[in-house]
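Visitor: One line per chain: the protein sequences are A and B, in this order.
Counting from 1, position 216 in the first sequence corresponds to residue 216 in the UniProt record's numbering; the numbering is continuous, with no gaps.
Counting from 1, position 93 in the second sequence corresponds to residue 93 in the UniProt record's numbering; the numbering is continuous, with no gaps.
Careful: at least some of the hints might be erroneous.
[As the list claims (entries may be wrong)] Incomplete in silico selection of chain B near chain A, CB under 7 Å: (1) 47; (2) 50; (3) 104.
Please keep in mind that the hints were generated in silico from the structure rather than gathered at the bench.
Note that the Cβ used here is the ideal one computed from N, Cα and C, for glycine as well.
Number of protein chains: 2
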Amino acid sequence: MSTDKITFLTNWHATPYHAPLFLAQAKGFFADEGVKVAILEPNDPSDVTEIIGSGKVDMGFKAMIHTLAAKARGFPIVSVGSLLDEPFTGIVYLKSSGITPDLGSLRGKRIGYVGEFGKLQVDDLMAHHGLAAADYTPVRCGMNVTRAITRGDVDAGIGLDKPPTSSSPTRAPPGPPSFAYLSRDLKNVPRDWDKVTRYGRRLGVLGDDFVPNYTNDFLDWPLDPDSADPADDQRRMADLQKDVACRGGFKRLGAAEVVEV
Amino acid sequence: MSTDKITFLTNWHATPYHAPLFLAQAKGFFADEGVKVAILEPNDPSDVTEIIGSGKVDMGFKAMIHTLAAKARGFPIVSVGSLLDEPFTGIVYLKSSGITPDLGSLRGKRIGYVGEFGKLQVDDLMAHHGLAAADYTPVRCGMNVTRAITRGDVDAGIGLDKPPTSSSPTRAPPGPPSFAYLSRDLKNVPRDWDKVTRYGRRLGVLGDDFVPNYTNDFLDWPLDPDSADPADDQRRMADLQKDVACRGGFKRLGAAEVVEV
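With the sequences and hints as input, model every part of the structure.
Guide: Dropping the structure here:
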């Protein structure tokens, strides 16, 4: 007996930025296209690349850097689209912790991270801001960085987490909600892939001649232009959310302005 | 690139009776045996039989009746062990609902069920207690029967749910906690398989010549004898839990008595 169901493995338990997948399933968009999708969730996010890369599961979600690293490690993985037009990994902390947008305030602090790449990212980010390895304590937290922060197990943390609490490491943490980065057209964004590829090279994860394994060839709808200013999108999303909180309604961040939908 | 990880799909999101699987993973029992297990959770329990049966996922959990029905439908599935020595599907309800252990009290009530087999079970159980189809309203609830009850969407429900709230349909609902049914040796219990097979025939799911697709041949440890009186086990578990609630400690229900471990 065979099955025509496509197995789709999320990168972690259901989380807000998975919304497009669950909405498509719940609203019947897959069924409309004659596609049957069985959505699976991993118990350990470290399994995902290997299970998809070896073909045991058909498709799935994984962060940009993991997708690139999968190819570098020999898994024949191709990225056919992005949920987010901008990576939203960032340093997050409690306002009450005394940490400030000046990353130097992380001196002497315990900094949580998810796994292997998170550690590389923390070390790179700290070095970039003049902190040596002895100046902070990295703590592996798995996917529960936010919980580790709120429990007091760490003072700050880096990782993919709930979008509302995350901001890009290239901006002052913690920034406004990053829902602005959810992609409307699901396209891979060359700017971000180039950036992440360069970042992967800097971290020593990718070789100098690495060619990114992404494509937009499977998307047959018109693609939006790249955002000219993602940080401004984020500010506009924060304003939009304040407006909705005050006045209600269902609104969407347009390419340049707020539109009623 | 291949993988030596075994994919293991649970029948639903992590739930108390999955404890043996998650404990084995967390405590390294699989690793001790040189086995790598990637635990996956489904988003829709209706996908599980087909995905395992078609070989897209290696192993998994599924209720006895689904395992039997899978074979009847041509999926080459074999059951190699049981989490529970006794099925704990049952009718559950709120004490405040006016429903009593007399199933006749379900007359005129809305009765929730999980899916296809749950509907057959409800109809069979009601007919067995003298209620016709017009005497009650069956309501499909998916895996959230307990939530539907507590929300007031239904008056009672049948289904696999959290063991502490479930009792067997062969006993007065709602019985004491059914943790007593967690299997210590993980064996398939011939008595229950025979019972479920007969039940499957009565429901019209299995043919008269159906041979159950279970085996204990893969278990290479000594198997406990069958429980002589599962209902008494359940009562003793309730007593044990009261005792632990009063006096603390970590205790286990022995074959005949409570033992300190």
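Visitor: Now tell me, hint by hint, if it's right for this structure.
Guide: How the hints compare with the structure:
A hinted interface residue such as residue 47 of chain B counts as satisfied when its beta carbon comes closer than 7 Å to some beta carbon of chain A; here the least separation is about 4 Å, so the hint holds. A cut of 7 Å between beta carbons decides the hint on residue 50 of chain B: the least distance to chain A is about 5 Å, and the hint holds. For the restraint placing residue 104 of chain B at the interface with chain A, the shortest Cβ-Cβ distance is roughly 38 Å, beyond the 7 Å limit, so the hint is violated.
Comparing the model with each numbered hint stated earlier shows that hint 3 is the single one that does not hold.
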